[in-house]
Amino acid sequence: MKRRKADIYLSFYNYRDNFKDIRNNMIYRRKRMLGNYLDEVRKKAPLIHNITNYVTINDVANMVLACGASPIMSDEPTDIEEITSICQGLNINMGMLNPRKIESMQKAGKKSNELHHKVLLDPVGAGSSSFRTEAALNLIRDIQFDVIRGNISEIKTLAAGHGTTSGVDADEADTLTEQNLEKMIPFIKDFSRRTGSVIAVTGGIDLVSDAKRCFVIRNGRPEMGRITGTGCQLSGMMTAFLAANPENNLEAAAAAVCAMGLAGETGWKYMQPGDGNATYRNRIIDAIYNMEGKELEEGAKYEIR
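Each residue of the sequence shown is one higher than the one before, counting from 1318 in my numbering.
By construction, these hints were calculated from the structure, which means they are not laboratory data. Don't take every hint at face value.
Unchecked claim - Quick list of in silico lysine-lysine cross-link-like pairs, PhoX-like style, CA-CA up to 25 Å:
#, residue 1, residue 2
1, Lys1611, Lys1360
2, Lys1618, Lys1500
3, Lys1361, Lys1611
4, Lys1529, Lys1618
5, Lys1500, Lys1529
6, Lys1618, Lys1586
7, Lys1618, Lys1506
8, Lys1611, Lys1586
9, Lys1361, Lys1428
10, Lys1529, Lys1506
Unchecked claim - Using C-beta positions, here's what the derived DEER-type ranges look like:
#, residue 1, residue 2, range
11, Arg1511, Lys1611, 34 to 42 Å
12, His1433, Ile1389, 14 to 22 Å
13, Lys1586, Ile1403, 34 to 42 Å
14, Glu1431, Ile1389, 16 to 24 Å
15, Thr1596, Asn1415, 28 to 36 Å
For clarity, every value in this text was computed on a predicted model and none was experimentally measured. Positions of the beta carbon are idealized from the N, C-alpha and C atoms, including for glycine.
All chains should be modelled from the sequences, with the hints used to inform the complete structure.
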(Lines of atoms letter the chains of each structure in order from A and count residues from 1; the text may use other names and numbers.)
(Lines give C-alpha, C1' and ligand atoms only; values in the text may rest on other atoms or scores of the structure.)
Protein backbone atom coordinates (compact mmCIF):
# COMPACT_ATOMS: atom_id res chain seq x y z
CA MET A 1 0.00 0.00 0.00
CA LYS A 2 2.85 2.38 0.84
CA ARG A 3 4.48 1.60 -2.47
CA ARG A 4 1.30 2.38 -4.37
CA LYS A 5 0.93 5.67 -2.51
CA ALA A 6 4.53 6.57 -3.33
CA ASP A 7 3.85 5.84 -6.99
CA ILE A 8 0.82 8.10 -6.86
CA TYR A 9 2.86 10.89 -5.29
CA LEU A 10 5.62 10.46 -7.89
CA SER A 11 3.11 10.55 -10.74
CA PHE A 12 1.55 13.67 -9.28
CA TYR A 13 4.86 15.51 -9.01
CA ASN A 14 5.88 14.48 -12.53
CA TYR A 15 2.53 15.76 -13.82
CA ARG A 16 2.95 18.97 -11.87
CA ASP A 17 6.44 19.58 -13.27
CA ASN A 18 5.31 18.87 -16.83
CA PHE A 19 2.33 21.18 -16.38
CA LYS A 20 4.63 23.91 -15.08
CA ASP A 21 6.83 23.58 -18.18
CA ILE A 22 3.79 23.85 -20.48
CA ARG A 23 2.39 26.77 -18.50
CA ASN A 24 5.74 28.58 -18.53
CA ASN A 25 5.99 28.21 -22.30
CA MET A 26 2.46 29.60 -22.71
CA ILE A 27 3.17 32.53 -20.39
CA TYR A 28 6.46 33.07 -22.17
CA ARG A 29 4.71 33.36 -25.53
CA ARG A 30 2.21 35.87 -24.14
CA LYS A 31 4.91 37.90 -22.44
CA ARG A 32 6.59 39.06 -25.64
CA MET A 33 5.59 37.93 -29.13
CA LEU A 34 8.49 37.34 -31.50
CA GLY A 35 6.94 39.70 -34.04
CA ASN A 36 7.44 42.57 -31.61
CA TYR A 37 11.20 42.19 -31.98
CA LEU A 38 10.98 42.99 -35.69
CA ASP A 39 8.66 45.90 -34.96
CA GLU A 40 11.24 47.35 -32.58
CA VAL A 41 13.93 47.24 -35.28
CA ARG A 42 11.66 49.24 -37.58
CA LYS A 43 10.84 51.69 -34.81
CA LYS A 44 14.41 52.31 -33.60
CA ALA A 45 16.39 51.83 -36.86
CA PRO A 46 19.68 51.00 -35.08
CA LEU A 47 23.00 51.70 -36.77
CA ILE A 48 24.91 48.43 -37.21
CA HIS A 49 28.67 48.21 -37.72
CA ASN A 50 29.61 45.23 -39.89
CA ILE A 51 33.14 43.88 -40.16
CA THR A 52 32.15 41.27 -42.64
CA ASN A 53 32.85 38.98 -45.55
CA TYR A 54 33.79 40.72 -48.82
CA VAL A 55 32.02 37.95 -50.75
CA THR A 56 28.64 38.87 -49.25
CA ILE A 57 29.11 42.43 -48.00
CA ASN A 58 26.53 43.95 -50.37
CA ASP A 59 23.90 41.35 -49.45
CA VAL A 60 24.55 41.89 -45.74
CA ALA A 61 24.09 45.65 -46.12
CA ASN A 62 20.85 45.17 -48.04
CA MET A 63 19.52 42.68 -45.48
CA VAL A 64 20.23 45.09 -42.63
CA LEU A 65 18.38 47.78 -44.56
CA ALA A 66 15.51 45.41 -45.39
CA CYS A 67 14.82 44.64 -41.73
CA GLY A 68 14.70 48.34 -40.88
CA ALA A 69 18.18 49.09 -39.55
CA SER A 70 21.11 51.02 -41.07
CA PRO A 71 24.47 49.44 -41.97
CA ILE A 72 28.03 50.72 -41.82
CA MET A 73 30.60 48.47 -43.51
CA SER A 74 34.06 49.33 -42.21
CA ASP A 75 37.15 47.32 -41.27
CA GLU A 76 39.95 49.93 -41.29
CA PRO A 77 41.95 49.69 -38.03
CA THR A 78 42.77 53.42 -38.06
CA ASP A 79 39.21 54.60 -37.38
CA ILE A 80 37.49 51.38 -36.35
CA GLU A 81 36.92 52.51 -32.75
CA GLU A 82 35.38 55.80 -33.86
CA ILE A 83 33.08 54.03 -36.29
CA THR A 84 31.86 51.44 -33.81
CA SER A 85 31.32 54.14 -31.15
CA ILE A 86 28.55 55.78 -33.17
CA CYS A 87 26.75 52.46 -33.76
CA GLN A 88 24.43 50.46 -31.52
CA GLY A 89 25.56 47.00 -32.62
CA LEU A 90 28.66 45.25 -33.98
CA ASN A 91 28.60 42.25 -36.33
CA ILE A 92 31.97 40.48 -36.56
CA ASN A 93 32.09 38.02 -39.46
CA MET A 94 35.30 36.04 -40.00
CA GLY A 95 34.87 35.45 -43.73
CA MET A 96 37.86 36.53 -45.90
CA LEU A 97 39.97 36.75 -42.73
CA ASN A 98 43.36 38.48 -42.66
CA PRO A 99 45.63 39.97 -39.96
CA ARG A 100 44.44 43.54 -40.60
CA LYS A 101 40.80 42.52 -40.11
CA ILE A 102 41.67 40.61 -36.95
CA GLU A 103 43.21 43.79 -35.54
CA SER A 104 40.03 45.69 -36.41
CA MET A 105 37.82 42.99 -34.89
CA GLN A 106 39.74 43.09 -31.62
CA LYS A 107 39.65 46.88 -31.41
CA ALA A 108 35.99 47.19 -32.35
CA GLY A 109 34.89 44.35 -30.08
CA LYS A 110 36.67 45.72 -27.02
CA LYS A 111 35.35 49.22 -27.70
CA SER A 112 31.81 47.89 -28.06
CA ASN A 113 32.13 46.02 -24.76
CA GLU A 114 33.34 49.23 -23.13
CA LEU A 115 30.27 51.07 -24.48
CA HIS A 116 27.89 48.18 -23.63
CA HIS A 117 26.90 47.77 -27.28
CA LYS A 118 25.61 44.49 -28.67
CA VAL A 119 28.29 42.31 -30.27
CA LEU A 120 27.82 39.21 -32.44
CA LEU A 121 30.45 36.75 -33.70
CA ASP A 122 30.00 34.76 -36.91
CA PRO A 123 33.02 32.39 -36.86
CA VAL A 124 33.01 31.59 -40.59
CA GLY A 125 35.18 28.57 -41.35
CA ALA A 126 36.36 28.01 -37.77
CA GLY A 127 38.00 24.60 -37.78
CA SER A 128 38.98 24.69 -41.45
CA SER A 129 42.47 26.02 -40.62
CA SER A 130 44.54 26.60 -37.50
CA PHE A 131 44.72 30.32 -38.41
CA ARG A 132 40.94 30.72 -38.37
CA THR A 133 40.43 28.55 -35.31
CA GLU A 134 43.03 30.40 -33.28
CA ALA A 135 41.65 33.78 -34.36
CA ALA A 136 38.11 32.78 -33.34
CA LEU A 137 39.22 31.42 -29.97
CA ASN A 138 41.21 34.59 -29.28
CA LEU A 139 38.18 36.73 -30.07
CA ILE A 140 36.03 34.72 -27.67
CA ARG A 141 38.73 35.02 -25.01
CA ASP A 142 39.15 38.79 -25.39
CA ILE A 143 35.60 39.97 -26.18
CA GLN A 144 32.26 39.27 -24.52
CA PHE A 145 29.84 38.37 -27.30
CA ASP A 146 26.10 38.64 -26.84
CA VAL A 147 25.59 35.99 -29.53
CA ILE A 148 27.83 33.49 -31.31
CA ARG A 149 26.14 32.32 -34.52
CA GLY A 150 27.47 29.59 -36.78
CA ASN A 151 26.84 26.18 -38.26
CA ILE A 152 27.16 23.12 -36.06
CA SER A 153 30.73 22.31 -37.16
CA GLU A 154 31.93 25.83 -36.35
CA ILE A 155 30.25 25.78 -32.95
CA LYS A 156 31.66 22.34 -32.10
CA THR A 157 35.12 23.57 -33.08
CA LEU A 158 34.86 26.55 -30.75
CA ALA A 159 33.52 24.42 -27.92
CA ALA A 160 36.32 21.87 -28.28
CA GLY A 161 39.08 24.32 -29.17
CA HIS A 162 39.97 22.44 -32.35
CA GLY A 163 38.34 20.72 -35.32
CA THR A 164 37.95 20.49 -39.06
CA THR A 165 35.14 21.67 -41.31
CA SER A 166 34.41 21.48 -45.02
CA GLY A 167 35.31 25.06 -45.85
CA VAL A 168 32.52 27.29 -44.54
CA ASP A 169 29.87 24.55 -44.62
CA ALA A 170 28.98 22.12 -41.84
CA ASP A 171 30.48 18.64 -42.09
CA GLU A 172 27.96 16.01 -43.11
CA ALA A 173 28.78 14.06 -39.95
CA ASP A 174 27.77 17.09 -37.88
CA THR A 175 24.33 17.52 -39.45
CA LEU A 176 21.69 18.35 -36.86
CA THR A 177 18.77 15.91 -37.12
CA GLU A 178 15.73 14.85 -35.13
CA GLN A 179 17.74 11.79 -34.07
CA ASN A 180 20.59 13.71 -32.42
CA LEU A 181 18.59 16.76 -31.31
CA GLU A 182 18.24 15.62 -27.71
CA LYS A 183 21.99 15.17 -27.49
CA MET A 184 22.85 18.52 -29.08
CA ILE A 185 20.59 20.72 -26.94
CA PRO A 186 22.51 20.07 -23.66
CA PHE A 187 25.77 20.57 -25.56
CA ILE A 188 24.65 23.99 -26.84
CA LYS A 189 23.36 25.01 -23.41
CA ASP A 190 26.68 24.06 -21.84
CA PHE A 191 28.64 26.08 -24.40
CA SER A 192 26.37 29.05 -23.69
CA ARG A 193 27.03 28.69 -19.98
CA ARG A 194 30.79 28.57 -20.55
CA THR A 195 30.90 31.62 -22.82
CA GLY A 196 28.10 33.71 -21.34
CA SER A 197 26.79 34.13 -24.90
CA VAL A 198 23.58 33.09 -26.59
CA ILE A 199 24.51 30.34 -29.07
CA ALA A 200 22.71 30.24 -32.42
CA VAL A 201 23.29 27.11 -34.51
CA THR A 202 21.76 27.31 -37.97
CA GLY A 203 21.11 24.50 -40.42
CA GLY A 204 18.23 22.22 -41.36
CA ILE A 205 17.00 22.63 -37.78
CA ASP A 206 18.03 25.81 -35.96
CA LEU A 207 18.89 26.03 -32.27
CA VAL A 208 19.07 29.30 -30.35
CA SER A 209 19.97 28.81 -26.72
CA ASP A 210 21.20 30.32 -23.52
CA ALA A 211 22.27 28.19 -20.57
CA LYS A 212 18.67 27.33 -19.60
CA ARG A 213 16.31 27.55 -22.58
CA CYS A 214 16.69 26.47 -26.18
CA PHE A 215 14.52 27.55 -29.10
CA VAL A 216 14.18 24.71 -31.60
CA ILE A 217 13.23 26.41 -34.88
CA ARG A 218 11.96 24.70 -38.02
CA ASN A 219 11.46 27.57 -40.46
CA GLY A 220 13.26 27.73 -43.81
CA ARG A 221 13.77 25.88 -47.09
CA PRO A 222 16.56 23.45 -48.09
CA GLU A 223 17.13 25.56 -51.22
CA MET A 224 18.51 28.34 -49.02
CA GLY A 225 21.68 26.28 -48.81
CA ARG A 226 22.27 26.90 -52.53
CA ILE A 227 22.76 30.63 -51.91
CA THR A 228 26.09 31.86 -50.62
CA GLY A 229 25.73 34.34 -47.80
CA THR A 230 22.40 33.58 -46.16
CA GLY A 231 24.24 33.01 -42.89
CA CYS A 232 26.15 36.27 -43.27
CA GLN A 233 22.89 38.10 -43.97
CA LEU A 234 21.31 36.53 -40.90
CA SER A 235 24.21 37.66 -38.70
CA GLY A 236 23.79 41.25 -39.86
CA MET A 237 20.04 41.17 -39.30
CA MET A 238 20.41 39.41 -35.95
CA THR A 239 22.73 42.15 -34.73
CA ALA A 240 20.02 44.68 -35.63
CA PHE A 241 17.46 42.66 -33.64
CA LEU A 242 19.83 42.59 -30.65
CA ALA A 243 20.52 46.32 -30.80
CA ALA A 244 16.82 47.20 -31.02
CA ASN A 245 15.87 44.79 -28.21
CA PRO A 246 18.75 45.10 -25.74
CA GLU A 247 16.89 43.58 -22.80
CA ASN A 248 16.61 40.05 -24.18
CA ASN A 249 19.34 38.52 -26.33
CA LEU A 250 17.81 35.05 -26.49
CA GLU A 251 14.42 36.04 -27.87
CA ALA A 252 15.88 38.69 -30.19
CA ALA A 253 18.24 36.13 -31.73
CA ALA A 254 15.46 33.55 -32.04
CA ALA A 255 13.17 36.09 -33.69
CA ALA A 256 15.85 36.88 -36.28
CA VAL A 257 16.36 33.19 -37.08
CA CYS A 258 12.61 32.67 -37.47
CA ALA A 259 12.37 35.74 -39.70
CA MET A 260 15.16 34.52 -41.99
CA GLY A 261 13.65 31.06 -42.31
CA LEU A 262 10.18 32.47 -42.93
CA ALA A 263 11.62 34.77 -45.61
CA GLY A 264 13.08 31.70 -47.30
CA GLU A 265 9.64 30.08 -47.31
CA THR A 266 7.92 33.22 -48.58
CA GLY A 267 10.53 33.92 -51.24
CA TRP A 268 10.29 30.38 -52.57
CA LYS A 269 6.55 30.77 -53.20
CA TYR A 270 7.28 33.47 -55.78
CA MET A 271 9.90 31.53 -57.74
CA GLN A 272 9.05 31.02 -61.42
CA PRO A 273 10.33 28.56 -64.05
CA GLY A 274 13.76 29.74 -65.12
CA ASP A 275 14.50 31.46 -61.79
CA GLY A 276 17.69 30.44 -60.02
CA ASN A 277 19.61 31.08 -56.84
CA ALA A 278 20.33 34.74 -57.69
CA THR A 279 16.61 35.43 -57.99
CA TYR A 280 15.94 33.48 -54.81
CA ARG A 281 18.53 35.56 -52.93
CA ASN A 282 16.72 38.75 -53.93
CA ARG A 283 13.31 37.30 -53.06
CA ILE A 284 14.53 36.48 -49.55
CA ILE A 285 15.71 40.06 -49.05
CA ASP A 286 12.40 41.34 -50.45
CA ALA A 287 10.49 39.04 -48.09
CA ILE A 288 12.26 40.57 -45.09
CA TYR A 289 11.63 44.07 -46.44
CA ASN A 290 7.89 43.39 -46.69
CA MET A 291 7.56 41.29 -43.53
CA GLU A 292 5.46 42.64 -40.69
CA GLY A 293 5.64 41.67 -37.05
CA LYS A 294 2.27 39.93 -37.21
CA GLU A 295 3.40 37.82 -40.16
CA LEU A 296 6.53 36.78 -38.27
CA GLU A 297 4.55 35.86 -35.18
CA GLU A 298 2.06 33.78 -37.13
CA GLY A 299 4.67 32.09 -39.33
CA ALA A 300 7.36 31.33 -36.74
CA LYS A 301 7.71 27.57 -36.14
CA TYR A 302 9.44 26.93 -32.85
CA GLU A 303 9.31 25.19 -29.51
CA ILE A 304 11.23 25.87 -26.31
CA ARG A 305 13.12 23.11 -24.54
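> Which earlier hints can't be squared with this structure?
Replying inline: none
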